[in-house]
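Those protein sequence lines, which keep their order, are chains Z and S.
Per our numbering, the very first residue in the first sequence carries number 7; after that it's consecutive.
Per our numbering, the very first residue in the second sequence carries number 228; after that it's consecutive.
What you were told as hints is all true, and nothing was included just to trick you.
Below 30 Å or equal to it, Euclidean Cα-Cα: the simulated DSSO-like pairs (lysine-lysine) are:
| # | chain 1 | residue 1 | chain 2 | residue 2 |
| --- | --- | --- | --- | --- |
| 1 | Z | 206 | Z | 143 |
| 2 | S | 586 | Z | 107 |
| 3 | Z | 177 | Z | 205 |
| 4 | S | 633 | Z | 107 |
| 5 | Z | 70 | Z | 107 |
| 6 | S | 500 | Z | 107 |
| 7 | Z | 177 | S | 586 |
Hints in this document: simulated from the structure, not taken from any laboratory.
Okay, here's what each chain looks like letter by letter:
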Amino acid sequence: MRILLVEDVADVAEAIVACTQRMGHDTDWESNGRRAADRVTADFYDLLILDIMLPDLDGLSLLKRVRDKKINTPVLMLTALGEIEERVQALDMGANDYLVKPFDFRELEARIRALLRQAIGHPTNVLTCANLTIDLKSHTAQLDGDALDLTRREVMLLETLVTRPGRIFSKEALIDRLFSIDENPNANTVEQHVARLRKKLTGAHFSIRTLRGLGYQVIVP
Amino acid sequence: MKVARNSLYTRLVTRMGAILAISAAVSLVATWLATNYAANQAYDKILTSKVLQIAGSTWYHNNSVNVDVPIAAISELSPGDETYYAVLDTNGRTIAGDINFRPPIPWDKLKNGPVLFDGTYHDHPVRIAIAGRYMPVAGAHPWAVAMLAQTTNARLSFAGHLTADTFIVILIMGILTIIAAMFTLFQALSPLNRIEAFLRKRDPLELSPLSLDVPAEIRTLVDTLNGFMRRLAAHQATSRRVIADAAHQLRTPVTALLSQMELLSTQTDEDKKRAHLTRLHALTRELGALVNQLIHHAMVQQRAQTTPLVPIDLAELVRAQMTEALSDGPTREIDVSIGVPDTPCIVDADPTTLREAIKNILHNALQYGAPSLLRVELARRSRYWELRFIDDGPGIPPEAWRQVRKPFSTRSGGRGGASLGLAIAQEVMASHRGRLQFAFSENGLFMVILIFRAGR
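Okay, chain Z solo, but in the shape it has when bound (with noise of 0.2 Å):
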């Protein structure tokens, strides 16, 4: 994957596109904001990685241009300025996330791959999360290799957990997702789906943790 890295400290410049790189990405490396505007003229980069403070051009008026200019390279902006305001402004701006310094290079890691992966999708069809596999296509799970016995619905519903662990999905977000209007579907009915999948996931290396009044997320230890 192509990255853009727009930053003007150097120090923290090395260090991203060494963890880029580390990460197996090719990355382009630019101080300038006027020069890096001119550089995102087509779909050539996956993803930008923006400053906010920038020589020449800021990086919310170069996200700005970049959308202007109808291209949708995912982007991620870094900013040290504190106020959540700024940060608020970024996304409505365009940017897909962003990251407050200081921040811990396990964090932007992740941050990177989230947004590569929102950008392309599964490729290889297959989601992997611990000992678990689930076949996108047929809508088949495996743990460890064996098939485990799980309706259409269940599949869904593990998918959609799986595909962000971490992540906090609200019984409303599932019902939305797993149900149509006419099913007339409650509350009620995703806890006996989350608690009959978890019964079938004995065995696995990770847990669909409870958050009662908020959801449902996957924990992997």
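Chain Z is already provided as a structure; the job is to place chain S on it using the hints.
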């Protein structure tokens, strides 16, 4: 601050002047009306008695009416006024006086006594009096009629003089009153000027109370000023302390970083190098978190003074913060729940700082408390919303409850961080006119409680 175009003094004097002018005008008009009325009454009395005198000097003899007009009755009533008269017999002929003087005669009123009315004669406004004397003849009008008219100059000049005199008195009194008022106002307002001069002479950094003798009415103003300065001084003291603490808090970890780096650069043993690196990593992370907290603390303080509160749904905000805090959160087995009413829980708040406060409390609970339980409850208590964060961790011992509300309070247990989280929460709650409380439940669970006034 908005400054009125004219001073308080000018405004008061202008208003007082206007009131005086209006009252002077009203009394002048009243005087004019009253003197006019009095003059008319007096002159009418004289006119009536004279016309009666003339009527009384008629008699009937040899089938005709005779008259012997007394000189006093037709003498001029006042210098500069003309008098006209005529006496008619029962046939309406003029038997004495001015033949041309023929005002209309109100026959049916004659028997009731003399009649008075206004008219004109020789193009002058005149006051006319008519009196009849019954004559022993037959016919429609058995009356000898005496008519007397007088120009009105004397009446008018009488009223005019009286009014003019009154006007002069009012004018003099008015001017005296204005002067007295100006002086009084000047004196009444002088304490304000003194306070102003006093403040101007002062060193701008001097924030001790004003020591000025002022009248009781101004006392509250001076007290308010003093109270304001006291708060300002307290605020300054706090910021000084916070800056000093922040300097200490920032320099210490940077020194630690440099020391570890120094150790690293001279270390040759690979294992020990790795240990230093791990330590460096941890120290840097702590420093980052500290810087973040310092920024948030400053942001919260600044917004507390400048940002208006808006109605928000507290339940929604808490749920969003819980979701954020627990997404990618701790992976240990922990029982998490949130209980909020189904209806919106409206409070007046600055969502930005409130999020920060709740985030800090949740972070504390997940980081240092809550080994296996975190429960968040929002409930209405009469006019308040009570938000409880309950966990099964060791909590904060009651003797530290006061201390942890202050920035940079050192804590036992050797935990890192700047201990700013709860200070931020405390400050946010203060700016929301709410309260931050700590408690242990009956079954020993630790609770951080936020109390908000319910919004309308």
